[in-house]
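Engineer: The primary structure of each chain is shown beneath.
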Amino acid sequence: MAAVTMRLPVVRAPVDSSAPRGGEKHLVAPGDTITTDTGYMRCGQRRRRGVRAGGGAWLGSVRCVTAALCPRYNGEIGDIVVGRITEVQQKRWKVETNSRLDSVLLLSSINLPGGELRRKSAEDELAMRDYLQEGDLISAEVQSIFSDGAVSLHTRSLKYGKLAQGVLVQVSPSLVKRQKTHFHDLPCGASVILGNNGFIWIYPTPEQKDDEAGGYTTSLEPVPLSDREVISRLRNCIVALVTHKMMLFDTSILYCYEASLPHQIKDILKPEVTEEIVLEARQRLLDSEG
Amino acid sequence: MASVVLSEAEKVYIVHGVQEDLRVDGRGCEDYRCAEVETDVVSNTSGSARVKLVETDILVGIKAEMGTPKLEKPDEGYLEFFVDCSSNSPELEGRGGEELGTDIANTLYRVFSCENSVDLKSLCINPKEHCWVLYVDVLLLECGGNIFDAISIAVKAALFNTRIPKVRVLEDEEGTKEIELSDDPYDCIRLSVDEVPCIVTLNKIGYRHVVDATLQEEACSLASLLISVTSKGAITSMKKVGKGSLDPESIFEMMEAGQRVGKSLHIALQKILDEEENLGTSRPKVGFLG
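Here the protein sequences come in this chain order: A and B.
For the record, in the first sequence the residue sitting at position 167 is 167 according to the UniProt record's numbering, with numbers rising by one throughout.
For the record, in the second sequence the residue sitting at position 83 is 83 according to the UniProt record's numbering, with numbers rising by one throughout.
Keep in mind the hints are simulated off the structure, nothing from the lab.
One should not assume that every hint holds.
What follows is a list of derived Cβ distance ranges for each label pair [unchecked claim]:
| # | chain 1 | residue 1 | chain 2 | residue 2 | range |
| --- | --- | --- | --- | --- | --- |
| 1 | B | 44 | A | 264 | 41 to 47 Å |
| 2 | A | 280 | B | 3 | 35 to 41 Å |
| 3 | B | 110 | A | 258 | 47 to 53 Å |
| 4 | A | 125 | B | 96 | 33 to 39 Å |
| 5 | B | 249 | A | 207 | 34 to 40 Å |
| 6 | B | 78 | A | 86 | 44 to 50 Å |
| 7 | B | 187 | A | 74 | 55 to 61 Å |
Glycine included, each C-beta is placed from N, C-alpha and C at the ideal position.
With the hints as extra help, turn the sequences into a complete structure.
Structural biologist: Laid out in structure tokens, this is it:
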């Protein structure tokens, strides 16, 4: 039975972003603590406990650094990214990561299948296409940044590498919260990689952690229906959170998933259901924080 | 057509999902995404409509101008279609979008070539001398898969919204004819859209077919069938696209599915158009700012 729903458009206002919590000030003087949220600013390897208003000649409004919803990803060393191979060049691959310039994955920066470590030879160069082709998805870490801003990636760990069956969701990079780990095995039955560049990869949790595989064997076995339902639901929940400009991290996605359980998967994207789910998830997040 | 590159594993995941009637966003094979339809969005046209199918955004404007009837049909008006895809992506700017635009325009001509789709005799003012020509301009604002369906829905909605001013032909003693426009701006003729067909695109993925495919699903499909169906379920035209082949049995199955889906599509569209009409001037206009 075909289901076709049409509606008249309504002006959609995103769910009110965080109601002023006690103590959040709008006018500050130099030296005042603005927020103690550790997700706000990052400098080098340390995370500041609190952000202080800068000293200066002027007293007035302080603009928060992470306010803008910028669509392009600016690489930082140590970030986890999910990217798609666009070109196979001599001794390197060009990877699309939603940044201004294509990122680079050097042949010397990858782990060979089987996990062996050796210097790459000329045969490896000719066999590059056997490892990674155009269109393949990989998870990698940012190794360094070139002077022109292009990012250099590496997959020198067994947890990175070519990605197998799953679903990719592309969101704005500023909606992905910086956390200690971006690889999450959610209790609902699927796993998710939250790339800092806004590429979210949802995939079925593998049964055993294959260490020998090194991330290159792709299983093309059909994924069971129960796993598919979880993955589709997670995908719709992430799209719902993004529509209302909420930060994406494992807890917010999980709360949104649990709030969506009473509804059918395809109904999650209806505007009224989206709003209901996101409000509930937001409420739970506020309750758990304070 | 804007297309995405997918990895083999992603394609396999999508194909297996379609086999089990659970697509990536939780829909069944014959479910449409939630569509938003709004008419009367462009003020200086005789009729206009905007259709948004999540990521696909189409704008149609219809202008009624006076012209000379065609030689072979002297007592009928006619429709002219122009399609512009240049705002979609950089690769479709200038000459690139021309091919796609001509393709869509030719399909629309074919769909509307059936005699009864639009009452062309009502567009005649003076046989052999004057008639109304409806210039239908289609603007592809965003391509998120399934553009033909969205375009046909938008054209039908715009035709429903079209108001052609009433004219009277006055003949004086010498025999010269004068055309007089009615003074009342609300005195106009409306077209009946009961027989206007809508296009249903059925993409063959694996062994099954899906309706309203996303860009990712279109990348997995090698052959598709475009069927134009009227509200009563009559098929007015059919076109096969894609480099793959279709088995005659699957063509019959797809035709039946197309008729089923087409009827639901017309019912849903007519309902929303009537709802919009009944709201009249109290309807909040969203336009492009929502």
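Engineer: At the C-beta level, are residue 44/B and residue 264/A separated by a distance inside 41 to 47 Å?
Structural biologist: About 43 Å separates the Cβ atoms of residue 44/B and residue 264/A, which means 41 to 47 Å holds.
Engineer: Within 47 to 53 Å: is that where the Cβ-Cβ distance between residue 110/B and residue 258/A falls?
Structural biologist: holds (50 Å)
Engineer: Taking 35 to 41 Å as the stated bounds, is the beta-carbon spacing between residue 280/A and residue 3/B within them?
Structural biologist: Since residue 280/A and residue 3/B have Cβ atoms about 37 Å apart, the given range 35 to 41 Å holds.
Engineer: Indicate whether the distance between the beta carbons of residue 78/B and residue 86/A respects the range 44 to 50 Å.
Structural biologist: Distance hint for residue 78/B, residue 86/A holds at roughly 46 Å.
Engineer: Taking the CB of residue 187/B and the CB of residue 74/A, does the distance hold inside 55 to 61 Å?
Structural biologist: Check passed, 59 Å falls within 55 to 61 Å.
Engineer: Starting from the hint 34 to 40 Å, judge whether the C-beta atoms of residue 249/B and residue 207/A obey it.
Structural biologist: holds (39 Å)
Engineer: Just to be sure I understand the hint, the distance between the Cβ atoms of residue 125/A and residue 96/B should be within 33 to 39 Å; is that true here?
Structural biologist: holds (34 Å)
In summary, the structure agrees with every hint in the numbered list given earlier.
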